[in-house]
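**Q** Next come the chains, spelled out residue by residue.
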Amino acid sequence: MKQKYDVVVIGSGPGGLAAAIAAKRAGAHDVLIIERDVELGGILQQCIHNGFGVESLKRDLTGPGYAQRFINEAQALNVEVLLDSMVLEITPERHIIACGKEAGLVELDARAVVLAMGCRERTRAQIRIPGTRPAGVYTAGTAQRWVNIEGYMPGKRFVILGSGDIGMIMARRLTFEGATVERMLEIMPFITGLNRNYVQCLLDFNIPLQLSHTVKRVLGSKRVEAVEAVQVDERWQPIAGTEEIIPCDTLLLSVGLIPENELSRQMGVKIDPLTGGPYVDDGFQTGMPGVFAAGNVVHVYDLVDWVTEAGLIAGRSAAEFALGKRPHPSADEKTCRTKASENVRYVVPQRVNAEALTQRPVKLQLRVLHPIEEPVWVEARNGDDLIARQAERYARPGEMLSLDLPQKAYDAVRRAETLTVNVVRRRA
Amino acid sequence: MRQYDVLIIGAGVIGCMIARWLSRYELRILLIEREADVGMGASSANSAIVHAGYDPPPGTLKAITNVRGNAMWDDLAGELNIPFDRRGDYVVAVGAEELPALEQLMEQGRRNGVPGMSLISGAEMLRREPNLNPLTSGALWAASGGLCDPFAVTIAAAENAVQNGVTLLTETAFEAFVPGGIQTNRGVFGCRWVINAAGLNADAVMHHAGVRPEFRITPRRGEYAVLDRAEITIRNVLFPVPSAKGKGILVTATVHGNAIVGPNAQDIDDKEDRATTAEGLDEIWRGAHKLIPALNPRHTIATFAGLRACGNARCQTTGVNYDHDFVIEIPKPGFINLGGIDSPGLTAAPAIAERVVDLLKDAGLELKPRRDWNPIRPAPPRFCNLSTAQKAELIRRDPRYGRVVCRCEMVTEGEIVAAIHSPVPARTYDALKRRTWLGTGRCLGAFDMPRVVDILARELGIPPTQVTKKGPGSEFLVRETKSWDEANTDSHSVGAYEAKV
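Line order of the protein sequences matches chains C and A.
Numbering that gives the first Met the number 0 applies: residue 0 is where the first sequence begins, and numbers increase by one.
Numbering that gives the first Met the number 0 applies: residue 0 is where the second sequence begins, and numbers increase by one.
Hints are supplied without guarantee of correctness; some may be wrong.
[As the list claims (entries may be wrong)] No more than 30 Å apart at the CA atoms, straight line, and that leaves these computed lysine-lysine pairs for BS3-like: (1) 155(C) to 481(A); (2) 155(C) to 270(A); (3) 331(A) to 221(C); (4) 270(A) to 221(C).
To be clear, the hints were calculated from the coordinates, so they are not data collected in a lab.
Predicted model, so just to flag it, every value in this text is computed and none were measured.
Turn these sequences into a full structure, and let the hints steer you where they fit.
**A** This is the structure we're talking about:
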């Protein structure tokens, strides 16, 4: 262990691994990954299903398989790793305190930091399900760890709330292991995960899905005995008379992910309430100089491929900063803001420096508010001026959209104070 | 038949405190608890407030033990090494019509002997807590009010009792009185004195003893919401002006920094029904918003409900018209009867214990002080509260303190292992939660749960499938993957423990 590193990456999921690799490739000399688990790869290690790398590698890998490619590359590049260690504190001067069973208490300094802590699952409290508090209410990811890493089944008869990807994948996984998935309930009138998971995990295994339904309460004092399901109206309010008691011993929650920013907040990084992650610029630098963010810690992605892509950008930027080639973000600098507008929930990055376009295109990432099941334009405008647009066959809240700002937009972006981003029907 | 001098039924805060108080004498003491851990009933869910004592009607046992108990808390917390913060409390009047109630409360407090009260203006109150309703018209300030860790006090009292020779048996339920003792699910225990500290079930125990057939405990359910300390900080203990149903829905700081709101008060029939309800949660938010309109329900990180053991005993003091007083009495030889210990029972617990000792003394039980009695219960290390240098030193001594198992509350494997092997061992997930506060943060245990189950299995020498959340029947896991043998999937009890020196 050294006392000072060029780049320290917090977390070794796909975002962190990519950031460390990119930092090395961009010329950073000493790069360290700090990982709280006993192996690299983050949550990918428990995602033993396939579907990873289809977009970027044109290969259909499992989570551990996908992770291993990047672990191998990081090792080949001599990225240092500190495993089984939790970062307790980072100061704005990038002094890091971490601890581990083997490592003891570790203190070191970083010229640049990449936050890559990923995300965590929303809980029962956040969606307010009243009732008792027995064993048998788990998030889908916790259940996934039990089944795929620890080798234990957390129940026999499941109800899954939420049609997020982890929930759908767990529905199939639990079925493989001999459990019964009684029902999947989704409060929205549409599924919130990927369509391919709906087909491959629910339809193929005859798992009943009820849209516009939620869990009204949990029953059972020691272990879950049943849940009460109910239909909801357009304002997500329960419709009286539609209640149904579904006997089960486990309720799995797949009700959304939240970027994990406990450390970021504590060090004073400003968080965007729309994404739950830090405000970032086109190089994924946060509002704090030398502090970058990669992957799901910024906003929740749909595919690992885009997490890797974002990690590569963040790692490269961090290396540039460490080597003195990238300026501090400052108020007087010429950056323009991006703004989520028609049918757009949020846009990342929140700030774009036109100068970045002198090097390469800048990709905007966004999610829509409502599904549009017909061709759409994804467009960026400065007032009425169209700066860039891209056609898509449809827009769904479960699937991230992106829009490249081409290098030729340099002048337009330089002039703009705000870029508004819309997703509109193509015929309109 | 094992023979004891004193047998205490129920290891809630009252039973544990009495055991701890009696442990200073040369007595053979048995404390029995039907649940898997101490403090799982009314003591497990409350506002964690050490009340000043202006609420109970003057002359009642509630008033007397509240004010006395409050005064005992500094020593108690110091000896047991538990979090206690005497930061004072406020009763906040909203609108001019609530102002007269403050003066009545202050007068009542004066008659109860509450020290350090004063009335402050609405403007001053708003200066002290700027988030309050702008219509705040004034407040009663009571300097002796305080905050505690509601789990720690019960656990620490039990540990100190066990360290001083008390035998604690969990998963041991009272069944009946038999000549010379009591019958439980684990056999008969002989004793000279039985103390009824059965909380919500104290009525059943006293009826078995043939005492107070008209006495009845009504579970009064109170729901709470815990708020994320990253989102909002409340620095004070804020009560509304009380109503006939109790002290009302408060908004308060906690010793852990998270604000809590609640409780409501619903009389129910089922003594096990700790379910929260949509209506109840709406009610507590209405109450909380009356005090602090800006509180956001979306910042909730947990909700829970507790049951108060609300009794119907008439106050024995002449001229006091009050029908929900504590029962602390010797109704027949060899039987100390407690009942209806709802709020301010937590505050009053040391005073009630002291009173029980006096009752036994008056009844002629020989109380010979032990020479080796140790009132100090050492607190286990709390990693997150240490300085960086202290953390480094602790990890050097025991590397298990280097592994953080609960990220939100920063709880380490060392703390978990220490709690599992403490004098009153934590053998369930919830028992660990009450001792270390793991799993109480904003991820609600999603990260730590598989790791904690693993540690419990390893330390207890049982398969993970036998690890429970709160005792037999609450196992987390049903079987191994790839195993289809249903015969092996039945749950087994981890087994009750006997904590004894």
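**Q** Determine for every hint whether it applies to the structure shown.
**A** Quick rundown of the hints versus the structure:
Proposed proximity of residue 155(C) and residue 481(A) is supported: the alpha carbons are some 13 Å apart, at most 30 Å. For the given pair, residue 155(C) sits about 29 Å from residue 270(A) by alpha-carbon distance, which is consistent with the 30 Å threshold. The hinted pair formed by residue 331(A) and residue 221(C) fails the criterion: a straight-line CA distance of about 37 Å is larger than 30 Å. Straight-line distance between C-alpha atoms of residue 270(A) and residue 221(C) comes to about 14 Å, which keeps the hinted pair within the 30 Å bound.
Going down the numbered hints, you'll see the structure goes against just number 3.
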